[in-house]
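Asks: These protein sequences, in sequence, are chains A and B.
For the first sequence, this note's numbering assigns the number 132 to the initial residue and increments by one for each residue that follows.
For the second sequence, this note's numbering assigns the number 54 to the initial residue and increments by one for each residue that follows.
None of these hints come from the bench; they were simulated from the model.
Among the hints, erroneous ones may be present.
Going by beta-carbon spacing under 7 Å, a handful of chain B positions derived as facing chain A [said to hold, decoys possible]:
| # | residue |
| --- | --- |
| 1 | V135 |
| 2 | A137 |
| 3 | T151 |
| 4 | Q154 |
| 5 | T158 |
| 6 | I169 |
| 7 | N188 |
| 8 | I191 |
| 9 | K194 |
| 10 | P198 |
| 11 | G233 |
| 12 | W234 |
In the BS3-like style, the derived pairs of lysine-lysine whose C-alpha atoms are separated by at most 27 Å in a straight line are [as the list claims (entries may be wrong)]:
| # | chain 1 | residue 1 | chain 2 | residue 2 |
| --- | --- | --- | --- | --- |
| 13 | B | K194 | A | K429 |
| 14 | A | K469 | B | K235 |
| 15 | B | K259 | A | K485 |
| 16 | A | K477 | A | K428 |
| 17 | A | K156 | A | K275 |
| 18 | A | K540 | B | K194 |
| 19 | B | K104 | A | K485 |
| 20 | A | K275 | B | K235 |
| 21 | A | K180 | B | K166 |
| 22 | A | K429 | B | K202 |
| 23 | A | K540 | B | K202 |
| 24 | B | K202 | A | K397 |
| 25 | B | K265 | A | K205 |
| 26 | A | K180 | A | K275 |
| 27 | B | K102 | A | K205 |
| 28 | B | K235 | B | K265 |
| 29 | B | K213 | A | K477 |
| 30 | B | K202 | A | K230 |
| 31 | A | K205 | B | K202 |
| 32 | B | K166 | A | K167 |
What you are looking at is a predicted structure, and each value in this text was computed from that prediction instead of being measured.
Beta carbons: idealized from backbone N, C-alpha and C, even for Gly.
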Amino acid sequence: MAIDPMMLDPMLGTFRTMMAEIEEKGINTENAQNMKECLERMETLGQEKSDFNEFNAVLMNENLFGRFSDSYGKALAEEATQTQGQKGNNGYDDSALLKQTQDALRNAIRMMKEGKAEALAETNRTDQEEQAQQAEEFVTRNLKQFGLEDVDKSMLGSAMKEYKKETASDSRQNPQKFSNAVEIEAMCQNHTLIEAIEDVIRLGDEPGMTFPRYLRLQIERGLDKAMEGSVLMRNGMDFEQGFIVANGNQPYHLAEVNERIEAYDKMAASAPFGVPNQLEYQFVRSSIERKFWPQQKKYSLITDKWERILDLLDTWMKAHSKYADYIEPWRGMLQPEKQKAIDRAKECSPGIMKVVEEIFHDYFGLTFNDIWLHETFVNYVNAEYMYDSQQYVTFLRDAVYPECVPFQKPNQATISEWERLYEEKLLINPNVNTPTERLKEHYDRLFGEGRYQTKFGDIAPPPETNASPWDLSTF
Amino acid sequence: MDDILQEYKDYYRARYERIAGNPRYPNSIASEKKLYDAMASCNELEEFKDKIGNLNELNAVALVLDQETIRNEEYTNLKEDVRALGPQRIVKRCESATTVQEAITITLEESNKNSIEISMDEAVREFNDWIHLENIEIYSKAQVPDRWKADHASNVEDSKTRLRATFEDLEKNNNPWEEGWKINFELIWEERHRRLLPFSDEIVQKRLEETKLITGR
């Protein structure tokens with residue numbers, strides 16, 4: 132079985148186009164022949180191999196991409212040298228050299244504009260229903276690759292049917308959801324590069340300009356550096372920083388990107404023409420990322436662990452309440468599995484929680500009582516990621532935890548208190564939607580008012596709750 | 054034509070002056086100097102054709118040498134020993150290169166080879182996910198009524214099976230890339246991998262021994 136065309140074609144498409152270009156130009160040198168051999172080998176492997184990983188491994192081990200690209204560059208260089216030679220050795224032609232360079236730059240601008248136009252056309256053209264159909268066919272052809280060989284085919288068929296139905300409905304109700312035109316318009320910063328190239332073209336168009344003066348002035352005015360597009364890198368960091376701020380709970384990631392921005396600006400300030408050496412900046416960036424990585428990782432691991440502890444306390448209480456049958460995670464289950472799951476939560480949660488606590492302590496030297504003042508908890512609450520209300524977490528901490536011991540049940544008073552909190556709708560943080568609202572606000576700021584809604588739909592209404600907002604000063 | 058000659062001299066001087074202040078580019082500085090000297094010594098523009106010889110080609114090779122030397126130094130400083138192998142080999146092979154095309158071919162070959170080396174080296178980071186080990190610890194140690202012990206034992210076996218499968222699949226998937234590739238857990242102690250685990254050595258050692266025991270690797 133061959134590699135699926137949906138995977139093979141995008142991978143080899145570029146190489147096929149490059150080969151066609153060489154053939155159209157009538158180049159038939161040894162390098163063109165090498166290209167042809169490499170492409171034929173890739174195509175043959177694409178038909179012989181069925182495993183994409185294996186296919187890729189052979190391509191890389193035989194350096195087929197590298198050899199093809201190398202020969203392509205050489206073939207074009209040979210052609211250029213030949214063309215130059217055919218134009219004759221009629222002496223130095225300054226205006227021809229200048230024109231050749233200016234034409235190349237104008238061509239670059241044209242290609243950039245076309246690239247953006249094509250991306251916009253593509254995102255608007257894509258038929259979602261057709262794409263869903265293609266996705267179904269792709270999955271059906273590649274069940275083994277996706278580990279779905281043993282899945283019930285009728286179940287799979289129903290799932291795909293449902294997916295296509297939802298896609299069709301979404302597509303009709305909100306066609307903007309599937310188009311990235313707004314995002315492409317806002318994020319495609321071509322104009323910055325185009326302006327830099329146009330500056331160079333303007334220089335070349337100055338009356339009396341000569342080719343060597345044109346080249347020298349580009350260096351002296353830093354115009355060639357501006358064309359490298361490092362401003363895009365700087366814009367990218369601002370973009371990243373904006374989303375981290377909107378997230379509100381990534382302090383080390385924020386510190387990292389801030390330090391990167393500071394380092395970049397410092398390098399820019401001391402570099403000629405304000406453009407840092409990109410190779411040197413790459414390693415400065417790498418050092419900064421390495422510095423913050425352990426803190427970022429530790430931060431998320433600590434959060435995961437205490438979230439699990441709170442979750443186990445919560446589940447234990449739910450299981451003991453008279454509402455267990457009617458609430459998540461058991462509501463939709465059928466008997467007798469439902470009762471077994473509830474019993475397991477009642478009887479096993481304390482033992483499991485104690486081991487999670489031990490791991491938490493072994494890894495980070497932290498205990499249950501350390502959670503509440505830890506930066507991960509404080510930031511989490513302040514950024515409104517806590518689903519549970521302050522009343523409820525206080526209850527879990529002060530009343531439930533001391534009773535959550537292997538082989539024990541909570542006291543009846545504790546169970547009754549949980550049921551009261553449930554009945555009076557005091558379990559859920561009233562500001563639980565704040566992180567999504569924050570993200571929406573940021574998204575709309577970037578891509579236009581209302582864009583979040585057209586892209587991702589309405590934010591689900593907040594759960595009904597009578598709890599007060601979190602106030603850590605009283606926790 | 055005299056003006057053009059002078060303008061070319063000015064252009065080559067500007068190129069040289071721009072790079073001259075950067076001590077990390079010694080080969081390029083020397084090469085740009087040679088180009089400028091060749092141009093500066095011309096009395097007629099036509100002379101440059103002969104005087105330039107293959108200096109332009111060597112100039113491109115010099116830039117590759119400088120950039121790859123910087124990469125090697127930076128990766129070495131970061132203790133990224135495997136990532137440094139590519140630049141090291143490019144520098145070694147490019148020292149005798151005389152054309153741009155040679156330098157491009159060498160760079161493509163070595164970068165491709167290095168990318169495979171990096172993938173194989175970083176495959177050991179599959180160890181960094183301890184979800185199965187933690188589940189094994191939780192379900193082995195949790196104190197629960199007798200009626201749940203079989204369930205927990207089954208969970209432990211399931212996690213062990215998954216952990217074994219993780220490394221069996223990894224070796225199977227990496228073999229087409231490097232024949233006979235086997236996981237070498239000891240690599241985790243190398244700085245480039247160890248830095249990604251924000252735990253004490255004792256904890257890492259404990260998880261490492263558990264992994265080796267369960268996977269038999």
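Asks: Now tell me if each hint is right for this structure.
Replies: Hint-by-hint comparison with the structure:
| no. | hint | verdict |
| --- | --- | --- |
| 1 | V135 | 15 Å, violated |
| 2 | A137 | 12 Å, violated |
| 3 | T151 | 15 Å, violated |
| 4 | Q154 | 6 Å, holds |
| 5 | T158 | 5 Å, holds |
| 6 | I169 | 6 Å, holds |
| 7 | N188 | 10 Å, violated |
| 8 | I191 | 5 Å, holds |
| 9 | K194 | 5 Å, holds |
| 10 | P198 | 5 Å, holds |
| 11 | G233 | 13 Å, violated |
| 12 | W234 | 11 Å, violated |
| 13 | B:K194 x A:K429 | 24 Å, holds |
| 14 | A:K469 x B:K235 | 44 Å, violated |
| 15 | B:K259 x A:K485 | 19 Å, holds |
| 16 | A:K477 x A:K428 | 32 Å, violated |
| 17 | A:K156 x A:K275 | 42 Å, violated |
| 18 | A:K540 x B:K194 | 20 Å, holds |
| 19 | B:K104 x A:K485 | 81 Å, violated |
| 20 | A:K275 x B:K235 | 25 Å, holds |
| 21 | A:K180 x B:K166 | 22 Å, holds |
| 22 | A:K429 x B:K202 | 32 Å, violated |
| 23 | A:K540 x B:K202 | 18 Å, holds |
| 24 | B:K202 x A:K397 | 61 Å, violated |
| 25 | B:K265 x A:K205 | 50 Å, violated |
| 26 | A:K180 x A:K275 | 14 Å, holds |
| 27 | B:K102 x A:K205 | 22 Å, holds |
| 28 | B:K235 x B:K265 | 13 Å, holds |
| 29 | B:K213 x A:K477 | 26 Å, holds |
| 30 | B:K202 x A:K230 | 82 Å, violated |
| 31 | A:K205 x B:K202 | 69 Å, violated |
| 32 | B:K166 x A:K167 | 22 Å, holds |
In summary, the structure is inconsistent with hints 1, 2, 3, 7, 11, 12, 14, 16, 17, 19, 22, 24, 25, 30, 31 from the numbered list given earlier, while agreeing with the others.
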